[in-house]
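Enquirer: Protein sequence lines, in the order shown, are assigned to chains F and V.
Just so we're aligned, residue 1 is where the first sequence starts under my numbering, counting upward by one.
Just so we're aligned, residue 1001 is where the second sequence starts under my numbering, counting upward by one.
Treat the hints as calculated values from the structure; they're not laboratory data.
Some hints here could point you the wrong way.
[What the hints assert, rightly or not] Simulated pairs of lysine-lysine, BS3-like, Cα-Cα distance not exceeding 25 Å: (1) V:K1009 x F:K115; (2) V:K1199 x F:K79; (3) F:K113 x V:K1009; (4) V:K1061 x V:K1106; (5) V:K1213 x F:K157; (6) V:K1213 x F:K117.
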Amino acid sequence: MSTNKVIQVDGLTKMFGDFTAVNAITFDVKKGEIFGFLGANGAGKTTAMKMLIGISNPTSGKANVAGFDVFTNAEDIKKNIGYMSQKFALYDDLTVKENITFFGGIYGLSRSKIKEKSNALIEDLGLETVANQLVGSLPLGWKQKISFSVALLHDPKIVFLDEPTGGVDPITRRQFWEMIYKAANQGTTVFVTTHYMDEAEYCDRVSIMVNGKIEALDTPKNLKTQFKAANMNDVFLKLARG
Amino acid sequence: MNRFIGFIKKEFYHIFRDRRSLFILFGMPIAQILLFGFAITNEINNVDIAIFDHSKDATTKEIINKISASKYFSIKQMVTHEADIASVFEKGHVKAVLNFEKDFSKNLIKDHKATVQIITDATDPNTANTISNYVNAILQQYQKELNKDITIAYQIVPETRMVYNPELKSVFMFVPGVMTIILMLVSAMMTSISITREKELGTMEILLVSPLKPIQVIIGKVFPYIFLSIINAIVIVVLSIFIFNMPVQGSMLLLALESVLFIISALALGILISTISATQQTAMMISLMGLMLPVILLSGFIFPISSMPLPLQLISNIIPAKWFIIIIKGIMLKGVGIEFIWKETLILVGMTVFFIALSVRKYKIRLE
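One chain only, chain F, in its complex shape (with noise of 0.2 Å):
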């Protein structure tokens, strides 16, 4: 295996009896990549990303995730990547800091450890203020970029981004997408599943999904030359029509 690929799959298929959500998807992701994961509702890239995570398991194929397999290996994946859901879900009733501190102890995080990372990540992120505050009763925004942070705590090779912007406002998706750029640049590898094609514009590489499926695989650059369009929306929707 090629060090430099942290994702590694091969005709990963998922049946739910004679469904097949997934059908027999081949792709790698580099690592320091943003991969971004695209396709309709129920096009399957959920159903293709828990099985990545290790929270499914595959029908057949092969997959090897930051150097482990998902078949045998599951467990080990856990402790190398980052997870972030749409629902950016925190502890509502447990403050900021009650939060870092509780998901870096799941990670097995020491507690020197733990301070450490959690006085930085209130200082970068500008949470001085609202540090002993409940999270539920802060913006949305915020609570998506404490997700993330959280998300990241415990240096995962790879984090995994399912639709992470939904229900947020332009600037702070733009915020969002900064501080993705900045982990991608520290070397974490990013797997993100988005609905929002100009988001899709910000990938290095680009997956298209279809009827589960990947029907495109590219850079965005490349994708709009090969479907002759001038932006992402376009090749999305001149795949998603067939």
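Given the structure of chain F, go ahead and fit chain V onto it with the hints provided.
Expert: Quick look at chain V alone, frame taken from chain F:
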């Protein structure tokens, strides 16, 4: 271990920052035990009665004095016309009328027999029955006093003896039931709600993606409730001993162990419920309808199982609460040891193992 402590700490934050769950956890047991102990009772106290005295002689006066001196009755009014009896009841305050026949004293001396009619308002049959029993008891007591000096008057006085609860204190009957309900409520409902809450919020997904094993997540979720349930059980027992003077005849240790067993079976049920419900509301409805109602109605807590129709009697066997109530009634009121309740204990163990096995099977290690 560090992870586990962090998890438990977080769980306690959830509990202590939510007024609703705090109230259910600590307000409910106290409120319920006091309610059942004081308000909902089969005993009678200060029941209003009326007297219709045809003879107005020394004997009837004495009997009336005795009745009014007892704490069970207070004499509301004296009726003077036969026709007024109905209207006395219709007003609703008076629950019974004592109707002394004409020449009561004279008849008693001449025929050794006099009649007093006890008319009770049987719209509430239980109370009516109790009132008539209490009046009878007072009359018999008086009769005994009369016969004291007369050597020939042999009389057979039927004596009922109530064993285990000689004063027929209903609170003794309710304590085991309330304890069962509270433990069920805290263990099953609260855990199922707290687990489904994580599902609803999406944090369960985050926990499953983390290196925590699913079993660690579940143990972390239920552990605080084991702890709180035990505290609740202690509060209930202490309250019933000190406020209601309820005896605990048997071994405290056995009582504690049996309670832990029941708590675990209820927790397993809670986990089971959380695996089949997607939202907190569903979990709550299933807990209330599926657990609380059967516990209240079919466990023998309020309605005796032996007087139920056969199908219900059969159904009552699959309710863990029924066995737990038999066990703790045995320990608390009869003072029996494990040799008399091993069968019930074994049934409870079997059910617990079954629920745990089922919930482990049902618990989706990998979110589908």
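Enquirer: Taking each numbered hint in turn, which are not upheld by the structure, reported in ascending numerical order?
Expert: Failing hints: none at all.
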